[in-house]
Amino acid sequence: MVTGAHPASLLPAADREAIAAHLDRFELSGALVSAMASWLHDPIGGNSEASAVAHDLADRGVVACWTAVPATAGELDSLSGLVERALDDGVAAFRIHPASHGYSPGLLDELYEALEANRLPLCVDAAELSWPELGAIATRHPELPIVLSTLGYRKLRELWAALDGHPNVHVDLVDFAAHQGAEWLAENDLADRLLFATGLGVRDPGESIVRLAWSGLDDPTVRRVGFGNASRLFRLGARP
Amino acid sequence: MIGRRPQYRSVDVHAHLGPYSLFFIPTPDAATMVAVMDATGTDVTVLAANRAIQQDAHLGNSQSLAAVDAYPDRIAAYAVVNPWQDPERELTRLADDARFVGIKVHPSLHRYPVTGTRYAAVWKFAAETGCPVLSHSEHRSPYDSPAMFRTVAERYPGTSVILGHAGITPPGVDEAIEVASRYESLLLEVCGSHMTGPLIRSMVDQIGSDRVLFGSDFPFIDQRMSLGRVVCAPLTEGQRQDVLSGNARKLFRWRPLPGGRGVDQ
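Residue numbers (my numbering), protein chains in the order written: chain P, 1 to 240; chain H, 1001 to 1265.
In isolation and in its complexed conformation, chain H is listed as follows (with noise of 0.2 Å):
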């Protein structure tokens, strides 16, 4: 039975913020996604805005900054950095605000390959600086499948990529528990619209619960789907804890999420 009150407390490492074009999202407003997350059990949330993503990354980023001013100590930001829009610029605004805790590249929406040279200066930073990335993936993406990060992972092994939605067919979880399996830089993100316990089991059995992340890809998609998945999924409750907040708040180490609940309570 599952009560009305959250038994988990989660760290959402894939979210977004703002209206969309493609379809109605009903208040997509960082209030109400943290009144969500109060419901959920959501300590904080690291978000890219849409519009970071779909249109004008540094109008983006500048939302998401206002979303964290006005929720400190609930949602963190990534840095957007679209390579056809000026990305050094965005990576020198990440560099000097200590606001942005990661980077979001979306290869797929941006048209342009994971391992194109537009973005080696994302890798350069992340690699001198530890700043997690993470990069939309997609099963047979001429841009971002699984099995292109196994690239980015050889140039850039000390580089902690997050791959978000994880391939999100699940041919393209298997694609990707592939690659990770390969390469320990490489981390799963478990938010998509196919995504089930029992693939979420298969990621933790092949390559640990420890590289295992809890992101839910709302307010496009009700954050409480994705969560769903985890809190039901069959799992030790330790490889929950560890999927639900235990590696985000380990991976987020360059700039510390806000807050210490999580991994301990």
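This is chain P alone, in the form it adopts within the complex (with noise of 0.2 Å):
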């Protein structure tokens, strides 16, 4: 989910309070916020904006995950700082944007270094990078989680072959629109890389909602989408 509003959209902004809403409707036992503010205003300063709707939420199983960009004079002096007072804070996860914050993703090797280091996953939409800029990240740093996220309807051959070559690569259901896409990871062994999520504030969480609910997986393979591969990867049960 992304807290806050987004310029050009009919979404209602996602605050604590319509989170808290979304949570309750579909009966969700977390979430994983990052912040509007953080993509699309301040990269670093927005993160405190994620950080505040998981303390308030914190008994609801919402965890914070926060934005990293190179480290720049009077910008950020450094990502392994950075990735220390996001521990500090309970962060469970990073997130980058380096096709919309102007640089290369090839500029963040501390923060993939610091991250593997510490079990964090590192969330990206497709649109962000380039495939082999991923499976370079993918291939340097292999006990890194990395979560692809919007991956649209039209790449499932480029998915392929991140899954196939990276076993730390994964996919979440936010926009992942290909028919059939979940039924076509089961039966090729990879439900384990999926995980449900629905990009409260940036799509319509009805789509991930029904994608799953309705979706031609066992109950079994369900639970594990909808929060064992979750769960498991950003070690849900692990934190306070």
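These are calculated hints, taken from the structure and not from any lab test. Beta carbons are placed, not taken as given, at the ideal position from N, Cα and C, and that holds for glycine. Take the hints with a grain of salt, since some may be wrong.
Label pairs and their computed distance ranges (CB to CB) [claimed, not checked]: (1) H:S1021 x P:D218: 31 to 41 Å; (2) P:W160 x H:A1031: 14 to 24 Å; (3) P:H101 x H:P1142: 27 to 37 Å; (4) H:R1089 x P:R232: 49 to 59 Å; (5) H:A1031 x P:E133: 34 to 44 Å; (6) H:A1031 x P:F227: 26 to 36 Å; (7) H:T1117 x P:D24: 48 to 58 Å; (8) H:R1253 x P:H101: 28 to 38 Å; (9) H:Y1183 x P:D42: 22 to 32 Å; (10) H:E1237 x P:D59: 38 to 48 Å; (11) H:P1157 x P:D42: 50 to 60 Å.
Take each chain as given, in its own frame, and dock them per the hints.
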């Protein structure tokens, strides 16, 4: 989920109350929340908004996802320092927006190393980096869980290569729109790499809710995709 | 809470069939589509084969008919008319074959404006018979932007035209609403990667729930993506039923869709 208003969407702003109502409506047991401000306004400063929601809704299983950019004088002193602060804050994952924020993902090696060392997943929208760039990160950091989001419906050929070549690459259900895509992953023994996510704030949550609920997946697989995989990846049970 | 069993019956008025060159589609066959429909509560899907829109209208239309033959109670077919591939031949075939329930045109894919003379036979046929026409519509397309359907509606005021995707993008949806609000013969269909429940609500508020139709574009896109937006949209239950199935049952009167479920259940 992404908290905050989107500047070019009819979707309502996903503030704390909206997120709480979303959890209630669909009986969700938790959520990973990043900040719209970190994506579309102030990458590092916006992280406090994600943390504020996470702290307010901690008893609902909500955890924060922070955003990173390359260490740049005046903006960010140290990527490893940012990860340390995130760990102190209880952050469960990081998100990057190389295309939106105008840098090469290769500038974040220090981040990838720190995340890998601390088993913090890296989340990234498919449009934010190229497939070779994704492959390079996944190869250099094989213990770094990477979660691709907003894949759309035209990318299964590339996704297959990424999943097949890199056991640490995962994909979530936000705009995972390929016909029978979830079933296709399951049939190819890749259901453990698929995570439920609604994209509240940037996507219509009805897409993912119905996508999983009325899927052709069996009940145990629905539970894995809906909860088990995320619980393992984000170590939800290990958090206070 | 959404349980694992669908609580609504639906009619999907915008679907395809078969592979597509630009990207891989897992199991795009009719049997899988019907299995998806079983899981989503979809009584009937009206489809146009991908081969018909992408490459060969005549061969593709034959594939659509084969799907109807395999699942006559669940699948109905649009006859794709490509303005470059002998449209009169496909219209004659449509007239003679009751398995076709409507016409599908794709001006953007066929690179020919929906207002062009090569489509005249389509509109003439539809006006004379009551056969509904589903057209792709896409904001800012030189071939089928929503505003271009004003010309079609004025020339053929009695012809029911479904604007597939309702312009696709949010600004396109606004344009589609604007033109549909002026011409009652135009209907809006809700599938598209940028569609949301609030946008569907905008359509319903501005042109009425009786001219908004559920379609999914599957198996391009998973049917549940579009269906989920409608199921979770901020609509009254009556409006939701109109969009999901009631309007489709009323629209396809020239050659009724198979089955009688959907409106009253």
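Tested hints:
One distance hint, 31 to 41 Å for the beta-carbon pair S1021 of chain H and D218 of chain P, holds here, with the actual separation near 32 Å. With their beta carbons about 23 Å apart, W160 of chain P and A1031 of chain H fall inside the hinted range of 14 to 24 Å. Taking 27 to 37 Å as the suggested C-beta distance range, the pair H101 of chain P and P1142 of chain H conforms, at roughly 34 Å. For the pair R1089 of chain H and R232 of chain P, the beta carbons lie near 58 Å from each other, so the given range of 49 to 59 Å is met.
Distance hint for A1031 of chain H and E133 of chain P: a CB-CB separation of about 39 Å, consistent with the stated range 34 to 44 Å. Distance hint check: the CB atoms of A1031 of chain H and F227 of chain P are about 31 Å apart, consistent with the given range 26 to 36 Å. At roughly 56 Å, the beta-carbon separation of T1117 of chain H and D24 of chain P lies within the given 48 to 58 Å, and the hint holds. A C-beta distance of roughly 54 Å is found between R1253 of chain H and H101 of chain P, which places it outside the suggested range of 28 to 38 Å.
Y1183 of chain H and D42 of chain P have their C-beta atoms about 46 Å apart, which leaves the hinted 22 to 32 Å range violated. In this structure, E1237 of chain H and D59 of chain P break the distance hint of 38 to 48 Å, their C-beta atoms being roughly 33 Å apart. With their beta carbons about 53 Å apart, P1157 of chain H and D42 of chain P fall inside the hinted range of 50 to 60 Å.
Against the hints set out earlier in the document, violations occur for numbers 8, 9 and 10.
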